[in-house]
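Asks: Below are the chains, spelled out letter by letter.
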Amino acid sequence: MSKYKPTYKPFGESTILMEWPSKIEETIIRDIVAFEKSVDKSRGIVDTVITYNALTIRYDCEIDFEVEVAELRDRYKVKKKREDQASKCWQIPVCYDLDFGIDLDEIASAKELTVDEVIQFHSAPDYLIYFIGFQPGFLYLGGLNEKIHVPRKAIPRLRVAKGSVGIGGSQTGVYPNDSAGGWNILGRSPIDFFDISKPQPCFASAGDRIKFRPIDKDSYHQIMEEEQDGNFMLKSQAI
Amino acid sequence: MIKVLHPGIYNTIQDQGRFGFAKLGVPLAGAIDAYAAEFGKAIVGGKTTDAVIEITFGQGKFQFMETTIFCLTGGDFSPTLDGDPIGMNRLYNAEATAVLSFGKRNYGAITYLAVQGGVQTDRVLKSRSFSKGITRERLEKGDELEILKQEEYTETKYARIRMPVEHFNSAELPCFPGPEFDQLNEKQKLRLFEPFTLSADQNRVGYRLNEPIENNLDHILTSSVLPGTVQLTPSGTLIVLMNDCQVSGGYPRVLQLSEYATSRLSQKVAGDKVQFTR
Chain A
1 MSKYKPTYKP
11 FGESTILMEW
21 PSKIEETIIR
31 DIVAFEKSVD
41 KSRGIVDTVI
51 TYNALTIRYD
61 CEIDFEVEVA
71 ELRDRYKVKK
81 KREDQASKCW
91 QIPVCYDLDF
101 GIDLDEIASA
111 KELTVDEVIQ
121 FHSAPDYLIY
131 FIGFQPGFLY
141 LGGLNEKIHV
151 PRKAIPRLRV
161 AKGSVGIGGS
171 QTGVYPNDSA
181 GGWNILGRSP
191 IDFFDISKPQ
201 PCFASAGDRI
211 KFRPIDKDSY
221 HQIMEEEQDG
231 NFMLKSQAI
Chain B
240 MIKVLHPGIY
250 NTIQDQGRFG
260 FAKLGVPLAG
270 AIDAYAAEFG
280 KAIVGGKTTD
290 AVIEITFGQG
300 KFQFMETTIF
310 CLTGGDFSPT
320 LDGDPIGMNR
330 LYNAEATAVL
340 SFGKRNYGAI
350 TYLAVQGGVQ
360 TDRVLKSRSF
370 SKGITRERLE
380 KGDELEILKQ
390 EEYTETKYAR
400 IRMPVEHFNS
410 AELPCFPGPE
420 FDQLNEKQKL
430 RLFEPFTLSA
440 DQNRVGYRLN
450 EPIENNLDHI
460 LTSSVLPGTV
470 QLTPSGTLIV
480 LMNDCQVSGG
490 YPRVLQLSEY
500 ATSRLSQKVA
510 GDKVQFTR
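Protein chains in written order, with my numbering: chain A, 1 to 239; chain B, 240 to 517.
Simulated from the structure, these hints should not be mistaken for lab results. Mixed in with the good hints there might be a few duds.
Stated by the list, open to error - Here are the simulated PhoX-like pairs of lysine-lysine, each with C-alpha atoms no more than 20 Å apart in a straight line:
(1) Lys-147(A) with Lys-211(A)
(2) Lys-371(B) with Lys-198(A)
(3) Lys-111(A) with Lys-88(A)
(4) Lys-388(B) with Lys-286(B)
(5) Lys-41(A) with Lys-286(B)
(6) Lys-198(A) with Lys-242(B)
(7) Lys-380(B) with Lys-242(B)
(8) Lys-162(A) with Lys-242(B)
(9) Lys-37(A) with Lys-88(A)
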């Protein structure tokens with residue numbers, strides 16, 4: 001039923017790299033996410049990593065590559081149960097106030113748009129979460145409107161505040177922690193994208209979607225307070 | 240309790256690493272010379288899941304605040320207990336207030352202080368390993384590290400054992416082809432298995448090699464990397480990723496070190512020769 005035939009490569013003595021076609025495509029990530037959920041973790045699997053076109057499966061000790069690949073291949077053939085895996089669309093509040101969106105003016109004038117139009121173009125789509133990487137809780141998102149594709153900043157900032165929402169090239173994302181960064185900053189979210197005190201430190205998974213919901217500064221501070229007290233309930237819809 | 244009198248340059252608590260969170264972008268972390276760390280835990284009669292203190296380049300000073308059964312493994316930096324020289328890979332029983340310090344380098348780069356029962360710092364995401372962004376980054380002066388109440392001091396059967404000398408003096412790093420190895424031409428492949436020297440650019444994230452190789456490969460679509468992955472960067476220099484590396488990257492992955500080889504590499508210093516072997 002699947003149109004893909006993943007390849008299997010050994011990656012050191014205890015890891016298998018499964019690769020799909022080298023493209024950024026929603027149907028590929030959906031297939032990887034669904035397959036990852038079906039993998040039998042009881043076979044000594046300690047970690048799985050999803051990226052655009054690959055699934056990395058790490059075992060707790062040296063493996064017999066042929067045996068484990070045969071197991072994965074058989075499992076990949078069993079498609080039925082995987083088709084109806086539900087994903088979620090998370091509503092992420094973002095304050096696009098100019099105090100947070102420090103590059104909004106510049107982007108608006110570079111693109112001959114108003115600031116409101118930039119915000120509108122950024123907050124309208126449902127973005128697909130391809131995977132999480134780079135930093136704990138950093139979501140690789142797809143679906144940025146071409147009208148606001150802008151190059152990264154020539155000189156990266158040494159410090160971008162936690163929660164900053166940025167765009168660079170065809171990508172958009174949220175900085176889960178204070179860090180250096182070269183993206184253009186449009187706003188800030190009061191939501192923790194990575195919280196070590198939670199059993200599941202990042203609410204999102206590969207294959208989910210997120211939508212940025214514009215909020216004003218008062219709501220930003222209110223949600224920030226609720227989030228810090230552990231009282232903020234992030235809204236999501238099954239999709 | 241063990242008190243940190245001098246923090247050194249980069250000393251941390253490490254166990255076997257943080258498993259199960261890579262899909263959220265969390266680095267593995269864990270002892271960079273897992274082989275020496277496990278050796279130390281065996282000598283003190285500990286469990287493989289215990290945490291040890293990782294000491295970089297023999298810098299740091301520690302005080303045992305209670306009677307403590309301990310041993311040192313890995314790099315030899317002329318350790319002393321209250322000024323008296325002590326040996327590597329041997330079980331010792333330190334009296335309360337005894338001070339452990341280090342001197343001249345004899346061999347290696349990374350030393351482990353293993354204590355009976357393991358260091359009892361907090362677990363974060365199921366691991367005690369320090370990891371920037373997840374836990375604090377390194378030990379600091381004045382830190383007080385809890386340990387379990389010590390049992391009677393008895394020499395175990397591992398009380399005096401040696402680590403193989405090749406662990407410190409062999410340049411050979413056994414490895415496997417990486418996912419993009421086959422994209423290299425024959426000349427590049429041959430060059431990969433000739434000697435390289437280590438640059439001074441080395442830390443728990445990765446070790447850079449000095450000699451660039453010809454690089455005509457494109458970036459790859461961001462994909463996963465592991466400790467021990469050898470990346471070919473756009474400038475042609477090679478980086479061997481280590482325990483604190485990110486979970487994904489965009490440079491071609493030309494080799495993958497065996498898990499043991501990353502331990503061997505961690506004991507090398509700038510200017511040392513290394514050679515990948517198959």
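Asks: Hint by hint, note whether the structure agrees.
Replies: Now the hints, each set against the structure:
no.	hint	in the structure
1	Lys-147(A) with Lys-211(A)	18 Å, holds
2	Lys-371(B) with Lys-198(A)	18 Å, holds
3	Lys-111(A) with Lys-88(A)	32 Å, violated
4	Lys-388(B) with Lys-286(B)	15 Å, holds
5	Lys-41(A) with Lys-286(B)	24 Å, violated
6	Lys-198(A) with Lys-242(B)	30 Å, violated
7	Lys-380(B) with Lys-242(B)	8 Å, holds
8	Lys-162(A) with Lys-242(B)	33 Å, violated
9	Lys-37(A) with Lys-88(A)	15 Å, holds
In this structure, the hints that do not hold are numbers 3, 5, 6 and 8, in rising order.
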